[in-house]
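There are 2 protein chains.
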Amino acid sequence: MKNKIKVRASASIANISCGFDCLGLSIKEPYDEVTLEFNNSKKLSITVSGKKSSLIPVNPEKNTAGKAILSFLHSIGEKKGLNIHIKKGIPPGSGIGSSASSAAAAVFGINELFGNPYKLEKLIFHGMAGEEVASGSFHADNIAPAILGGIRLIRSYEPLEILNLPIPKKLMCVVVLPDFSINTYDARNMLPKRVPLKSAVEQAGNLAGFTIALYQENYELMQRSMVDLFAEPVRGKLIPGYKKIQNLLKKENVIGCGISGSGPAIFALANDIDVSKKIKTLIINEFKKIGIDSIGYISKVQTLPPQII
Amino acid sequence: MKNKIKVRASASIANISCGFDCLGLSIKEPYDEVTLEFNNSKKLSITVSGKKSSLIPVNPEKNTAGKAILSFLHSIGEKKGLNIHIKKGIPPGSGIGSSASSAAAAVFGINELFGNPYKLEKLIFHGMAGEEVASGSFHADNIAPAILGGIRLIRSYEPLEILNLPIPKKLMCVVVLPDFSINTYDARNMLPKRVPLKSAVEQAGNLAGFTIALYQENYELMQRSMVDLFAEPVRGKLIPGYKKIQNLLKKENVIGCGISGSGPAIFALANDIDVSKKIKTLIINEFKKIGIDSIGYISKVQTLPPQII
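Sequence order for the protein chains is D and U.
If you want our numbering, it's the position in the first sequence, counting the first as 1, plus 12.
If you want our numbering, it's the position in the second sequence, counting the first as 1, plus 12.
Only chain D is shown next, with the shape it has when bound in the complex:
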C-alpha cells in the first residue's frame, strides 16, 4: 500500500445554461492539487495553500476534501489518519467547481491509496458528500465531470445516474473569474422553489436540443439551445456588468455564454481559438472598466479523470 499521493483535479462548468443542476463539463485549467499522506493518528489533519486559501475551513467535517474522504473511509470501514494538503488553483466561491475539484482529487487519491476498491462512478457519491458541505445541497453537476472528465448529464439523483455526452471536436471553453465570491449556499437559496410549467417545458426542450447538437456536432443548434430560464434571471443580478457582457458576447461569434455554476465566473463556448482569445479579453476588459480584477482561462474539454502527479 502506497503511503502518499498527490492528485490534480480540474475545474468544471456546471449548468452550461440549459442544464441547470444536471449538466456539467470538465476544463483543463485551472485545477486544484491535493496531497494525501497517512499519519499515525486516526484523524484528518488539513492544511491549505494557494488561491484564497484562507477562506477554506480546515475542520475535516467542514472541508469538502475532508468530508469526501471521511465519507469514503466510512464506506470501506476504515479509520485511518491522514495529512491532507490542498493547493488551491481554483479560488473558492468562483463558480467553476472549486470545492468539487478538491473533493474529486481527494476521493480519487484516497481510492488509489487503498488500491482502488471503487470504480470512478462510485466515487461520485463520496465527492457529493464533500460538495454538500460547501453548497448545502446534494448535487453532482461539478463533481461528476471533475471525477469522470468530459461533458456529463446527471439524469437522475435517486438513484444517481451519470451519462456521458459526445464532445464536439472544435469545442473550446472560456471562463473568466472576477475577483469576488458568491456563496454557493446563498446563490441556491435565491432560486425560486417553483417555476412556470411553460418554462420547465422550454428548458427541457433546450436541454434535449443541446444534447442533439452535441451528437450532431451542430454549433448553431448548441447556440439556440443555450438558454437558462431558471438560474440566470436571478443570479445574473449578482454579477456587476453581467447583462452588458452577455450582450457584447452575443455580438461575437460565441456558441453560447452564461454564468458558470452559481457564479460569478462567466463562461463562453466557442469553436475557434481566435474567438476564444477575443472574448476572454473582452470580458476581462469589461470587468476592469467597472473596477473589478479578473482572470481568464481558455481550454478544451478535459476528457481525463484526476491525474496522479
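Be aware that one or more of the hints could be misleading.
Claimed, not checked - Straight-line alpha carbon distances no greater than 25 Å define the calculated DMTMM-like cross-link-like pairs of lysine to aspartate or glutamate that follow:
id: 1; chain 1: U; residue 1: Lys255; chain 2: D; residue 2: Glu170
id: 2; chain 1: D; residue 1: Lys210; chain 2: U; residue 2: Glu173
id: 3; chain 1: U; residue 1: Lys249; chain 2: U; residue 2: Glu264
id: 4; chain 1: D; residue 1: Lys210; chain 2: U; residue 2: Glu144
Just so you know, the hints here were simulated from the structure itself, not pulled from any lab data.
Bear in mind the structure is a predicted one, so any value in this text is a computation, not a measurement.
Guided by the hints, dock chain U onto chain D, whose structure is given.
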C-alpha cells in the same frame, strides 16, 4: 392545378412520458383520411364520417381541418371554396392526435393542390392553428410528427423549431383507446401552472436521457428515462384502472408506458412483437374487467409524412 385530393395522416403519441408538450411520435395506425375538392363558392363545406364523427364540428372555424386550411389559404392570399370530407379513423378525444391527424391531412392536401408552395416544416404552423381549435392551446407535439413522421422534439415554440430524433430499429408502439373521451381543453386546464424546480430539473434530465437513449439505441436507458412528473400525476386520475394497468405493464418487458397525449389512450413502447401483443391484450382485458370497451393498435414508428391515396 389538380381539383381533388385524398390524403391519409397518422395518429401520434405526444409527450412519450418524459417530453411533456415537446415530444411526439407518429404511428402507422389508426389514421384519418381527408378529401379536398375545390367548389365554386368561396366557402369551406365540411362533412365528416367514421368513428365518433358526430362529435366533430363542421363549422370551418371550429373544425381542426377547416381552421388549418383557412390558415393556409390566408397565408397564400387565396379565397377558394372547398368541399372537405373527413373520414375519422381516430376517435376524437382519444389522446392519439385525432385533431392533429385531420389537420395534417388537410394542410398536406391543400399544399399539394396549390402545387406545394410550402415545405413540410412550414405546414406545421397552419396545422397548429387547427390544433388550437380543439385544445385551446398552441402546441405542436402531435401535429409535428403527424406532418413530418418520425420522433420529433419541439425545441422551441417561438420561433418554432422541430428537431428529428433517431428511431431505434426494434421500437414498437402499442396504443389502447378506451371507449370514452377526455376533452383536451379540460385536460390542459387541470395541469398546475407552476411546478417544483426540482421536478423541472428531473423532467429535463429524463428528456435528455431519453434523447441519448435514442441515439445509443439503449432500451434500458429509455426505460429509466420514461417518467412524467408533470401531466401523469394529474391526468392518470381521469382514467379508470390506470394505476393498476401501469403496474401490470411494468411487470412485463415494456420499455415504458404512460398516457398518450392528454389521454385516455394508454401507450407502451416495446422492442418485441410478442411483448407488444401481450400488453395490448392485457390493457384491453383490464379495461373490460371494469366495463370499458377498448381497441388496440400495434405499429412501428411511422417515418413517412401524410400519404396521397
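What's the verdict on Lys210 (chain D) and Glu144 (chain U), does the C-alpha distance respect the 25 Å limit or exceed it?
16 Å, holds
Regarding the pair Lys255 (chain U) and Glu170 (chain D), is the alpha-carbon distance no greater than 25 Å?
The given pair, whose Cα atoms are some 22 Å apart, holds under the 25 Å limit.
Are the Cα positions of Lys210 (chain D) and Glu173 (chain U) separated by 25 Å at most?
Given pair Lys210 (chain D), Glu173 (chain U) holds - Cα atoms ~16 Å apart, limit 25 Å.
Please work out if Lys249 (chain U) and Glu264 (chain U) have their alpha carbons no farther apart than 25 Å.
Between Lys249 (chain U) and Glu264 (chain U) the Cα gap is close to 22 Å, so the pair holds against 25 Å.
This entry satisfies every hint, going by the numbered hints stated previously.
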